[in-house]
Every structure is written in structure tokens, then in C-alpha cells.
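Given chain Z, work out where chain C should sit, using these hints.
Next come the chains, spelled out residue by residue.
2 protein chains.
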Amino acid sequence: MTLEHPSALQPEMPPTRWGDPAHVTGLPDGVRDLVGLVFPIRDTPARSDVAVPQPRLGDEQVAGLRAIVGDDNVSTDDALRRRRTRGKSTPDLLRQRTGDLSDAPDVVVRPAGHDEVVAVLAFAQQERIAVVPFGGGTAVTGGLVADADGLSGVLSLDLGRMRGLLALDPVSSTATLEPGLRGPEAESLLAAHGMMLGHFPQSFEYATIGGFAATRSSGQSSAGYGRFDAMVVGLRVATPRGEVRLGSAPANASGPDLRELFLGSEGAFGVITEVTVRVRPLPEVKEYEGWRWPSFAAGADAMRSLAQSDLLPTVIRLSDENETAINLADPSGIGGEESAGCLMIVGYEGTPAAVAAKRAAVTEALGALGGTSLGAAPGESWAQGRFSAPYLRDSLLDVGVLVETLETATFWSNRENLYTRVRAALEETLGEGTMVLCHISHVYATGCSLYFTVAAPGGEDPLARWLPAKAAACEAIVAAGAAITHHHAVGTDHKPYLTAEIGAVGADVLRAVKQAVDPAGILNPGVLVP
Amino acid sequence: MTLEHPSALQPEMPPTRWGDPAHVTGLPDGVRDLVGLVFPIRDTPARSDVAVPQPRLGDEQVAGLRAIVGDDNVSTDDALRRRRTRGKSTPDLLRQRTGDLSDAPDVVVRPAGHDEVVAVLAFAQQERIAVVPFGGGTAVTGGLVADADGLSGVLSLDLGRMRGLLALDPVSSTATLEPGLRGPEAESLLAAHGMMLGHFPQSFEYATIGGFAATRSSGQSSAGYGRFDAMVVGLRVATPRGEVRLGSAPANASGPDLRELFLGSEGAFGVITEVTVRVRPLPEVKEYEGWRWPSFAAGADAMRSLAQSDLLPTVIRLSDENETAINLADPSGIGGEESAGCLMIVGYEGTPAAVAAKRAAVTEALGALGGTSLGAAPGESWAQGRFSAPYLRDSLLDVGVLVETLETATFWSNRENLYTRVRAALEETLGEGTMVLCHISHVYATGCSLYFTVAAPGGEDPLARWLPAKAAACEAIVAAGAAITHHHAVGTDHKPYLTAEIGAVGADVLRAVKQAVDPAGILNPGVLVP
Numbered sequence: 001m002t003l004e005h006p007s008a009l010q011p012e013m014p015p016t017r018w019g020d021p022a023h024v025t026g027l028p029d030g031v032r033d034l035v036g037l038v039f040p041i042r043d044t045p046a047r048s049d050v051a052v053p054q055p056r057l058g059d060e061q062v063a064g065l066r067a068i069v070g071d072d073n074v075s076t077d078d079a080l081r082r083r084r085t086r087g088k089s090t091p092d093l094l095r096q097r098t099g100d101l102s103d104a105p106d107v108v109v110r111p112a113g114h115d116e117v118v119a120v121l122a123f124a125q126q127e128r129i130a131v132v133p134f135g136g137g138t139a140v141t142g143g144l145v146a147d148a149d150g151l152s153g154v155l156s157l158d159l160g161r162m163r164g165l166l167a168l169d170p171v172s173s174t175a176t177l178e179p180g181l182r183g184p185e186a187e188s189l190l191a192a193h194g195m196m197l198g199h200f201p202q203s204f205e206y207a208t209i210g211g212f213a214a215t216r217s218s219g220q221s222s223a224g225y226g227r228f229d230a231m232v233v234g235l236r237v238a239t240p241r242g243e244v245r246l247g248s249a250p251a252n253a254s255g256p257d258l259r260e261l262f263l264g265s266e267g268a269f270g271v272i273t274e275v276t277v278r279v280r281p282l283p284e285v286k287e288y289e290g291w292r293w294p295s296f297a298a299g300a301d302a303m304r305s306l307a308q309s310d311l312l313p314t315v316i317r318l319s320d321e322n323e324t325a326i327n328l329a330d331p332s333g334i335g336g337e338e339s340a341g342c343l344m345i346v347g348y349e350g351t352p353a354a355v356a357a358k359r360a361a362v363t364e365a366l367g368a369l370g371g372t373s374l375g376a377a378p379g380e381s382w383a384q385g386r387f388s389a390p391y392l393r394d395s396l397l398d399v400g401v402l403v404e405t406l407e408t409a410t411f412w413s414n415r416e417n418l419y420t421r422v423r424a425a426l427e428e429t430l431g432e433g434t435m436v437l438c439h440i441s442h443v444y445a446t447g448c449s450l451y452f453t454v455a456a457p458g459g460e461d462p463l464a465r466w467l468p469a470k471a472a473a474c475e476a477i478v479a480a481g482a483a484i485t486h487h488h489a490v491g492t493d494h495k496p497y498l499t500a501e502i503g504a505v506g507a508d509v510l511r512a513v514k515q516a517v518d519p520a521g522i523l524n525p526g527v528l529v530p
Numbered sequence: 001m002t003l004e005h006p007s008a009l010q011p012e013m014p015p016t017r018w019g020d021p022a023h024v025t026g027l028p029d030g031v032r033d034l035v036g037l038v039f040p041i042r043d044t045p046a047r048s049d050v051a052v053p054q055p056r057l058g059d060e061q062v063a064g065l066r067a068i069v070g071d072d073n074v075s076t077d078d079a080l081r082r083r084r085t086r087g088k089s090t091p092d093l094l095r096q097r098t099g100d101l102s103d104a105p106d107v108v109v110r111p112a113g114h115d116e117v118v119a120v121l122a123f124a125q126q127e128r129i130a131v132v133p134f135g136g137g138t139a140v141t142g143g144l145v146a147d148a149d150g151l152s153g154v155l156s157l158d159l160g161r162m163r164g165l166l167a168l169d170p171v172s173s174t175a176t177l178e179p180g181l182r183g184p185e186a187e188s189l190l191a192a193h194g195m196m197l198g199h200f201p202q203s204f205e206y207a208t209i210g211g212f213a214a215t216r217s218s219g220q221s222s223a224g225y226g227r228f229d230a231m232v233v234g235l236r237v238a239t240p241r242g243e244v245r246l247g248s249a250p251a252n253a254s255g256p257d258l259r260e261l262f263l264g265s266e267g268a269f270g271v272i273t274e275v276t277v278r279v280r281p282l283p284e285v286k287e288y289e290g291w292r293w294p295s296f297a298a299g300a301d302a303m304r305s306l307a308q309s310d311l312l313p314t315v316i317r318l319s320d321e322n323e324t325a326i327n328l329a330d331p332s333g334i335g336g337e338e339s340a341g342c343l344m345i346v347g348y349e350g351t352p353a354a355v356a357a358k359r360a361a362v363t364e365a366l367g368a369l370g371g372t373s374l375g376a377a378p379g380e381s382w383a384q385g386r387f388s389a390p391y392l393r394d395s396l397l398d399v400g401v402l403v404e405t406l407e408t409a410t411f412w413s414n415r416e417n418l419y420t421r422v423r424a425a426l427e428e429t430l431g432e433g434t435m436v437l438c439h440i441s442h443v444y445a446t447g448c449s450l451y452f453t454v455a456a457p458g459g460e461d462p463l464a465r466w467l468p469a470k471a472a473a474c475e476a477i478v479a480a481g482a483a484i485t486h487h488h489a490v491g492t493d494h495k496p497y498l499t500a501e502i503g504a505v506g507a508d509v510l511r512a513v514k515q516a517v518d519p520a521g522i523l524n525p526g527v528l529v530p
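Those sequence lines, one after another, are chains Z and C.
Oh and the first sequence: position 524 is 524 in the working numbering, straight run, nothing missing.
Oh and the second sequence: position 365 is 365 in the working numbering, straight run, nothing missing.
If you are wondering where the hints come from, they were derived from the structure by calculation, not from laboratory data.
Hints are not guaranteed to be accurate.
Because identical chains cannot be distinguished in the list, a pair is counted as satisfied if it fits within a single copy or across any two copies.
[Unchecked claim] Pairs of lysine-lysine, PhoX-like flavour, derived with a Cα cap of 25 Å:
{"hint": "1", "residue 1": "Lys286", "residue 2": "Lys358"}
{"hint": "2", "residue 1": "Lys286", "residue 2": "Lys470"}
{"hint": "3", "residue 1": "Lys495", "residue 2": "Lys514"}
Keep in mind it's a predicted model, so treat the numbers as computed, not measured.
For reference, chain Z alone in the conformation it holds in the complex (with noise of 0.2 Å):
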């Protein structure tokens, strides 16, 4: 079974912003007020009239690509080229904007399958053509630069044609998936069988399922379904070597899980051609809600309390004091005495029974420690915008705001410190006017995750300004033992700090793997390893 018309869903970004340019808003006048108080505003039109670099592979090579995937399927057309030219973090939108290019790829190659992936590798390998592959595109850490250096040039493998679902098995509740269905449609082909997946990561629209197992993401319903990881049951993957196919039981003894080699591997080990997940039944019903805590400790504690009282709801997400009053500044906020303290996100998915016994359990637990209940309004009021922030981005950037998000994640013991370090290095770095929030949205028994969303004035050049900024946040996350990323990935961003993360022994790991299954370097060469 395949999505008939693969682009239906929805149409292909613009290069440089995010999203359907159809659903583009411009900034609402209340945050362009409040914007405008901070920030010196000034526009900063995109340019689009310059051209990509000239591709670098031969005729003969293009050929032999065409000759695997089909005439129709290997383009070196330039709109494309510059579509598939980096991700949609603010660098790489910013360099787009500034009509930097020159990381495009010289060719797009679109494989009908795994076999034909297996062929563009092995004629990638003897050409020592660099292979990026492509899923939806929302890379925001580098994750498609790939490093040509020794190579004769970049060939962008895009998925987009592999979106089938393979199989469904409702015994064992496993569904397996091609790697280019984005979020979207992964869950409309199950809905058709009444199940569901359950990853909804703020790219959720664009992001690929292949996107998702080489990145280990999380998305916002990991309190109750967990991280895209930990619904893997099984992987194929094409290199070079041949392919690997792993999966032989939901959880084994059978050595190390080589699934978790190739989970969060990015591209560089292989292709990740096939992902058999864990499915679920669609939930009957979805209820969101909001919750007022006096403090962002006092809320992460009740969080902390939940997890190892293994009492997750769904959804459970909480902003600081500076995110709360941003978020409730919004005309769809609660505003009033209300605004103070912290806004807690609390979502509850399932059998009618089930949400109840849940709902019942966590308020009265949420209620013992001290939190406040604000109803249905805030939780809809998420709901409704949970996807929608990069296009707010957008707008930001259009009038000269710095906008950029990271994110970290730390055991619960060091979360303040973690939070106090990162929140300092932003602010200092980037100086008046800078304004950081931050939200824990993934909790696990032993620690969660922080997600930074940072604005300043962007100045005359806001990549200039940004890349020491995020330098300064890596080094205090690094200076405060948590991980480069939570969610985000590796990519050419976060490699330098990986080593510090793993070590120098668990670096040459990575680099002997790397040389097992991709001996002549072409698999996404400069991303993820040291």
C-alpha cells in the first residue's frame, strides 16, 4: 500500500522559511507590539535571485544515475537543487536568505526503493559521490552539510517516492514503514486500520519517518507513547557493505542492540530504508488542559513526581515564567492574575476509561503538590498552535528578530544548574534585549529535557551575532555533564562537543563503525562522527 499522489498532503517548503507558504500569516499585531518594545524592528526581505553554484558531477555520472533510478527521477534543475540546500534551522534559513548557496547539492536522485538505494550507493561509492539523504527537510542542526572535500561532488538522495506502508501486523501491533512518509501521512495510512503511531514533534507536517529513527526524535506525546526510538521494533538500513536488517524480537540478549547503533546514525552508517514501529489504537478521546504552578521548579518537581510515580499522562509540558508570559500574552492566552507564575500543558489520550482513571489519578496528584487547575482553555489554546511556531519564526525573522530554539537534556538533580548555565551564556552572549524561555516537554523517571527558545535584535548580520551565542550554549551544556541534544541531533552543528559527551574511546567507536559499513566515506561525509 502507497500513497497514490505523494505530494497531496502537502506541498514542498519554500528555501528559505518553513512550511505551506499558503498558511504564511504575518505577525499578529499583539506580538508585534510586544516584539516592538524589545526589539528594534526593521525589515529584512529574503533574497531569492541567486543562482547555485555550478554542479560538479560529470554528464557520464548523471547518466549512471539516471540509468538506476530513471530519467524522471535525477534532477540537477536549480530550484530544486537550492530546495534541497540545507535544513530549517535559523542559520540555515539565514544563509538562504542571504543568498548564501554554497552547500547545494549537484544533484537530487529520487529512488523508487531499497534496491535502488542499494544501486545509487554502490555507484556512489565507485564515483566517491557524497550521499545526503533527504527526507522532509527540517534538519536544524546541520544534518544536511554534507563535507565534499575529496569527493567529486553531492548527491541529495531524496525519499520522497518511498512512502509506502510495507505492513501491518495488529497481532503483534507493528506497522512497517518507508522512510519518506512524512508525519502526516504515516498516520492517515494507519488511521485507514484504525491505528495510529503516536509521534507528533513540532515538524510533525514536513518530518519523515526515516527522519525521525536517524535522529532519535521525540515528539510532544512522549510522556505517553514515548520517544520515536523507543517505538522501533526494527530497522533496514542499505550501506554500501549491503544491507542490515535487525529487529528479530521487540527486546533480546542477542549482544549489543545494533538497532541503537543505527537509530540517531544520521546518515552516516546508511540508509535507513525500512522502520517497523509499534502502532496503536487511535485514541477515542483527547483531552488537553492547563495547569498554573507558583514557579518552573515547583512545576518540574510535580513533573519529576509523576515519572517515578510511573503516573505520565500523554502530554505534560511546562513553560518558565518568561515562556508563560509570551505564551499568555498570545490573545488565545488566559491573561488576567492568571499570567503569573508558570503554564503547565497537560494531555490525557485514550480508551474513555483509561483517560478517566488517568485524569483522575494525575489531578489529584497535580493538586496535592501544589499546582492549580486552568481547565480546557490553555490546553486547546496548545493544541491548536503545536505546530505552528517555525511559521511565527518566520515572521520574526522577516523584521529583524533573532530567533533560534536549542535544547538539552539532564538528570533531575542538575536540571537547575543545566537551566541557570545555558539561560547565562544566551544572555550574555547575545546582551540586551535578549529574551530566553525555555520548557521541559519530555520527562522521563530520571531527568528531562530543556528546550530554549532565544530572541534578540538581529543586527546587521544575525548569523554573525547567533553563532557564538549557540557556541557559548553548547560549551555550558558540555561544562554542565548534559547532552548536546535531547531531540535535535548530532549533524555538523553539535559535532564538536560530541567527543566531550562520549568520550574519545566512544568517538573511535563511532569512527570504526563508520569505516565497517561506509569504507569510502561517502555517507553523509562531516555529519555526526568526530
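The following block gives chain C in isolation, referenced to the frame of chain Z:
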């Protein structure tokens, strides 16, 4: 904090048997009668008069080791070397009983901590001595049988002096434990703080924290507390190339999860010197009960339903018809017409409120699925005998009954196929008079484990009868596409089947990692890595 009397809690096991010699009981009359009806009973006493082979290491090598860990912590004593020979599988015991000590280590070395382990590994690399980490000595798949070919000898690295609780973080609910702690010792140290690990494999009384991590152990409370690998959030590993410290956060997207590469590495990638695990408050209530199902399939479907509804109790295990009949032949069983069908043990642990809520929900679900409650008696009987099966095995071996266990795991839709194939392979190979019992003791949303117990007439050479049966069972597992082991590990016994499960490229990856961390090949050579 370290246990003051390392050996106080359990005496060392004898080489030919399981457990505390003071706890050995003869075969109960009921069981002897039952077994006598099926097998020709024949006493086969063990031999203890065989000398271990001459140690291969030179005096200077032994002196070098003494210089690292102190004179008292290096031993070439024959009795100790005999006790450090192999593990506790039935083949291991049969070889010990017949006096085959060809796998005896040449020297036993007891390091005091991580730094001494590092120094021992450096010395062993220089001298080309194989290093076999030794925790509880409970290995059942040949994980303690290193291949010293091309090396100067075998060093048994006894971790019995590394038994500390190094850190307890009550906020994050984590504890850092040394690898030599046996199960009861770790629980005792945690219980002093009101905390629990909650890992109770059958080998609990002897097996160690390091072994749990190195073999991906799974305990009898896995439904409630998870497999051991799922409890681990951090690891410190000594390798000949230096140390590896992993665990920046409960979960992250910092590339592949290298914890999952050292978990299950069976001493072949390094010596695990510290394990940081999630801990929990000690349960206030523990309730175990029995349920009867009309068939193994009906009971398995009920387990599947609970797992797929995220409604698992703390303990859930289901015996097939054969195992149920044997269990119920035990004087503490329930007998009568209730011995028909299949027995399920269900256990609840936690706070009174949590246990009551879970028990009510599970009871309603199991009743609706066709189960019949048998009350507390079968549950209490199971809890009392939960660690005693290996003693019974010794008593059966004593009278000439060949008895051994093996286990596997698969997805739910393949459960019956796997069960049928493995049973047939064992019955066909061992012939008339063979009893194959099976239970499911670890369940997931997408699948489960199958644990087989085999009893057959031992004949003149029980080992020669068992090895082809084990091979046939392994081939059946491979043919069914299942995991060659769910929680016993690969060792040397399952190594011939590992490549079928992880593929040629997967095997290459293991070899590449091995080469990166252990270029001289001294770490448990011959174990795990194909």
C-alpha cells in the same frame, strides 16, 4: 559505601552445582516419583578428584599482576581456579562432574576498583593474556569460556572486591553500583535508603550488577520494572584503549546510543566498572496470585492484551499445559480439577493505592478475557520458590536426568510458530521420554519471551545427548526468525547463530567495534563476536 564483609551474604558456589551447599535438598519424593515414571533414574555422582591443568602464565607475569592488585589478590590456587572454570549451564556442570577442567583460567585476579582494572587490562594487553570478567559465575551460555589461542593464558578477573554503592541521587532516583555486587547485596545497600532496584532474575542470589549489564539480563518483575538494560542510565567501562563513560541524560539524540553497545557486550568490549541505574522506593505492598486459562494461547492472548493496553502488573508469567501440570504436581500446588489448563502468576507491587488500582483494572481485564482467578495460594507458592529451580536441576542431574533450559523471544504473531518449532526440535532430537515445558515470563506490547525447560533420560553421556538437541533448538529459533536469546546472552554457545540474526554487516560492525576498543583481542576472546 561498600559492604564490609563481601562474602557475608552468600557463600561461594561449588564448581559442580548451583548455589549454597547448605541449601541443597534431595529430590522431593513427589517429584522423584513423577520423574521415575518417565525417566530411568540412575545416580551419577560428581567427580572432584581431577586436577586442573598446569597454569600457563610465567612467574614474572604473575608477579606483574601482584604488583598491580597486591599479593593477596592474585591466586593460582587449584581449588579457586576450578571454581572459576566455566559457568552454570547444564553442559558446564556436566563437564565439571566428569572432571573436564580444560577451560580453567590460569590465574584469578581481584582488582579493588576501576583504576586497578585499567592497570590489569594494560598489563594483560602487553603480555597478551586473555581477560575473562567474573561476577557471579552464573553464566549459562559459555560466556566464561575464553579462547586463549595465540595468547599466553587466561586471567579470571574476579570483581568480588568491587561491591560498593558509589552514589545515590534521590532526586534523580539513580544509584551508581559497582559490578561485583550480587543481587541481594545491591538490594540490601539500596534498602538502607528505602530504595530498590527491582531486578530479580532466577540467578538473583548469585548474579552481579556487572553481569546483568553485560548480558542484558531480564528479571521476574520485568513487566513492572523493565529489563535490566532499560534500568541503566549510565555506564563506566574500562577498555585496553582507555575508559568509556556514558550517560549524559536519561535519553538523548547525541548520535547512536553507545550505552546500548556496551550493554550486552559480555566482556568482549571492556570491563563494566560502574553501572548507574534507575531506582525506586521499596514497595509497601506485594501481592501475587494465580489465574487459570483454558490454553496457553488463551493466556498468551490475555498477556498481549494487557501489554498493548499499557496495563501490565509488576509480575506476569504463564506456564504452558506441560509446565502447569508439573508445577501443580508440586505439594504446594493447587491440584484437583484446577490442574487443567495453564497457570498464570500475576503480581502487584507498590503503594497500597497503586496496587489496588492496578489490581482492580487488571482483574477486570483478565476476567473479561476468560481467565479464572485461583486466589493467592499459587502466587505465594511461586514467590517462595522463585529462585530454587537450579537446585532442583542439580538433584535431577544427580539421578541421571538430563535437564536444561533455553529461551528466545519473538513478536506476538510469531509466538505459536516459534513455540511449535522449538518444542518439535527438542522432542525429535532427544526422543522418547522427553518432557518440554514452556513459560512466557517477559512481555512487551509487540511480543514476548518463550522459556523452555527440557527434561530427558540422561543416558550414558548426557552431554552428548544435549548438544545436538540444543543445536536443533537454535536452528529452529533461527528458522522462525526469532531472537537466539532473550536474556541469557550469546556467550560461546549462541555465537554460531548470531550472524543469522544480525546479518553479515552487523557481524562486521561488532568486529569493528571490538578492534577499536581491544586491538590485541584480549577481552573475553571467542565470546560474542562472530
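Do the hints match the structure? See the list:
1. Taking the shortest alpha-carbon separations for Lys286 and Lys358, both the intra-copy value of 12 Å and the inter-copy value of 22 Å come in at or below 25 Å.
2. Taking CA atoms no more than 25 Å apart as the test, Lys286 paired with Lys470 passes in neither setting, with 37 Å inside one copy and 50 Å between copies.
3. Taking identical chains as interchangeable, the C-alpha atoms of Lys495 and Lys514 lie at most 25 Å apart whether they share a chain (15 Å) or sit on different chains (24 Å).
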